[in-house]
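Working from the sequences, and respecting the hints, build out all of it.
2 protein chains.
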Amino acid sequence: MFLVPQWSKMEKLTVIKVGGKIVEEPQSLKQFLADFSKIEGYKVLVHGGGRSATALAAKLGIESKMVNGRRITDEETLRVVTMVYGGLVNKQIVAGLQAIDVNALGLTGADLNYMRSEKRPVKEVDYGFVGDVKEVNAGILADLISKGIVPVLAPLTHDKVGNLLNTNADTIAGETAKALANYFEVTLMFCFEKKGVLLNENDDESVIKTLTPEFFENYVSQGIINGGMIPKLENSFEALNTGVKQVVITRADQIHTTNGTIITL
Amino acid sequence: MFLVPQWSKMEKLTVIKVGGKIVEEPQSLKQFLADFSKIEGYKVLVHGGGRSATALAAKLGIESKMVNGRRITDEETLRVVTMVYGGLVNKQIVAGLQAIDVNALGLTGADLNYMRSEKRPVKEVDYGFVGDVKEVNAGILADLISKGIVPVLAPLTHDKVGNLLNTNADTIAGETAKALANYFEVTLMFCFEKKGVLLNENDDESVIKTLTPEFFENYVSQGIINGGMIPKLENSFEALNTGVKQVVITRADQIHTTNGTIITL
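Protein chains in written order, with the numbering used here: chain Z, 1 to 265; chain F, 1 to 265.
Be careful, since some hints might not be right.
The list treats identical chains as interchangeable, and a pair is accepted whether it falls inside one copy or across any two copies.
[Said to hold, decoys possible] In the DSSO-like style, the derived pairs of lysine-lysine whose C-alpha atoms are separated by at most 27 Å in a straight line are:
| no. | residue 1 | residue 2 |
| --- | --- | --- |
| 1 | 123 | 12 |
| 2 | 30 | 59 |
| 3 | 134 | 65 |
| 4 | 147 | 65 |
| 5 | 59 | 21 |
| 6 | 12 | 147 |
| 7 | 232 | 119 |
| 8 | 38 | 160 |
| 9 | 30 | 134 |
| 10 | 9 | 30 |
| 11 | 209 | 160 |
| 12 | 123 | 9 |
| 13 | 21 | 160 |
| 14 | 30 | 119 |
| 15 | 147 | 209 |
| 16 | 30 | 160 |
Source of the hints: derived by calculation from the structure; they are not laboratory data. All of these numbers come straight from a predicted model, not from anything done at the bench.
What follows is the structure, given as C-alpha cells:
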C-alpha cells in the first residue's frame, strides 16, 4: 500500500531546476532570481551551467563531446565543470540571492556529503567522470531549510572516496525533491523553454493545465505527447510515486505564477 | 578592561590557514588532509589557490598582476579566482575530506552571508575586485561546527549587493578566528614554509617555542624578527587581543603535532 505523506502537517517547499542559459547571463539571472525570491515557502534551486562550461573548455582547447545530450567528462573536463558549476555559476547565483536578502548556501553533492554517486559503468558509451546517484543525505539540508536557508545545488556529486562526478541537474532536482518529501510538502518545478506541456506543439498557448497518469497515457497513445517529453514525464510520475506532491513544468519567467503544466497522481 | 573569555566552559576549535601549493597537488593535498583530520576538536580550514589561479589565467591569456603580494583583480581575473578558489580547489578539498569521513562544507563569504566585505577604495593602487572585510556572521557557522561539520573557506567574500570579491586568505582566517572566539576556545594556525618563527633564519631547527608581546618587541629591537614576519605577528597579537586563545605558526606537515611557534599574550 502506498502511504500518502501527511502533507497537511508539513510546510511547503519548492525545488526548482533551471537550465544554464538563464543563470549564465547577468541580466536574465537578475530577473530570474527576483522571480525566484517571490515563490512562497521554502525553496531549493538546482542549476546547470553547460554553456559556460562549453565556452571555458573551448578557450582552454578542450573539445566538448556530447552523447544523448550528456557531456562526456574526461579528467580535464571534470576540472572545467568543477570550476564552472561549483565555482562560477553557483557563487554568482548565491551572491545574487544574498543581494535580495535570500540566505543562499551553494552546495555540491560533496558538501555535507549531501549526494553520493558512483561513476557510471562503461557500456556502449564511456561517459567518464559522470555519477549515478546512490544516496541522498537530506537531514542536514532539511534542518538548514527550516532555518530559512535556501540551498543552491550545482550539478556535481561525489563518490565518497575523493572524486567529484558530473551529474545531470534534472536528476539532482528529482532526487532532492524525493529525499526532501520526507520533511516537506514538495513541489518539483522544471523550467523549460515552453510555457508547459503543449496540446499542440505549434501553439505556445495550448498548455495542458493538469496532467494525470491516465491523461498522460491517453496523450501518448494519440501522439500528442512524444519524443523527449515522455521520459521527462515518466520521471515526474516516479517522483510523485515517491512522495513528491506535484511536479510543474513551466517557463522560467513564470515560476512565481500558477501557470504551466501541473502533474499529479 | 579586557575580559578574558571563559575558555574553561568552551570547546576547542582550531582555524587552520594553508597556502595554495600544498592543496593544489593531489599527493600533498591527500597527506595534508590526513594530518588535518588528526587535529583534535572542532576545525575550520581556510585555503588559498593562487598558483592554480595564475595557471588558469595564463592558459586563458590573462596576465596575473601582483602588487605587494596581492593580486590585482579585474573582472576577468575575478571570474578566474571564483572558478579556482570557489570551485576547483574548494571542492577538491571537500571531496578529499569526505573520503576520510570529515563532514566538510565548502563556503565562500557569500554563502550564508558569512563574510561581507567592501571593495577596497582606490588609493595608490587600484586592486580591482578585492574586498576588505566588514562583517562576519559566525552564528550559523558556530551552530554547524557544533554539529560536527568542518567548514572549508575559500578566499572569496561578497559585498551583499551581488558582487563577489577576492579576499586574502590570511585575513579570512584571522577574521574567522576572532568571530568564532565568541563560541569556542580558538587556536589560529598559520601554515608556513619554515617550522615556525626562527631565532636564526639559517637554522631551520632554531624555532622559537613561545612568543609573547614582550619577547616579540625584544626580538624586533634586536633584528632577530624582521621583514614580512613583523606584520604577520602584529596581526596575530591583534587576534589574541580580540579573544583568540593562541596563534600557532608552523609547517603544514606539523599541524597535527605540538611543534611550531606558539604566540600568546
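Okay, the hints, checked on the actual structure:
no., hint, verdict
1, 123 / 12, "neither (40 Å within a copy, 50 Å between copies)"
2, 30 / 59, "within (26 Å within a copy, 30 Å between copies)"
3, 134 / 65, "within (25 Å within a copy, 44 Å between copies)"
4, 147 / 65, "neither (41 Å within a copy, 42 Å between copies)"
5, 59 / 21, "both (18 Å within a copy, 25 Å between copies)"
6, 12 / 147, "both (14 Å within a copy, 26 Å between copies)"
7, 232 / 119, "within (23 Å within a copy, 44 Å between copies)"
8, 38 / 160, "between (36 Å within a copy, 19 Å between copies)"
9, 30 / 134, "between (34 Å within a copy, 25 Å between copies)"
10, 9 / 30, "neither (34 Å within a copy, 46 Å between copies)"
11, 209 / 160, "neither (42 Å within a copy, 39 Å between copies)"
12, 123 / 9, "neither (45 Å within a copy, 58 Å between copies)"
13, 21 / 160, "between (30 Å within a copy, 24 Å between copies)"
14, 30 / 119, "between (35 Å within a copy, 21 Å between copies)"
15, 147 / 209, "neither (33 Å within a copy, 44 Å between copies)"
16, 30 / 160, "between (34 Å within a copy, 14 Å between copies)"
Hint compliance for this structure: hints 1, 4, 10, 11, 12, 15 are broken, all remaining hints hold.
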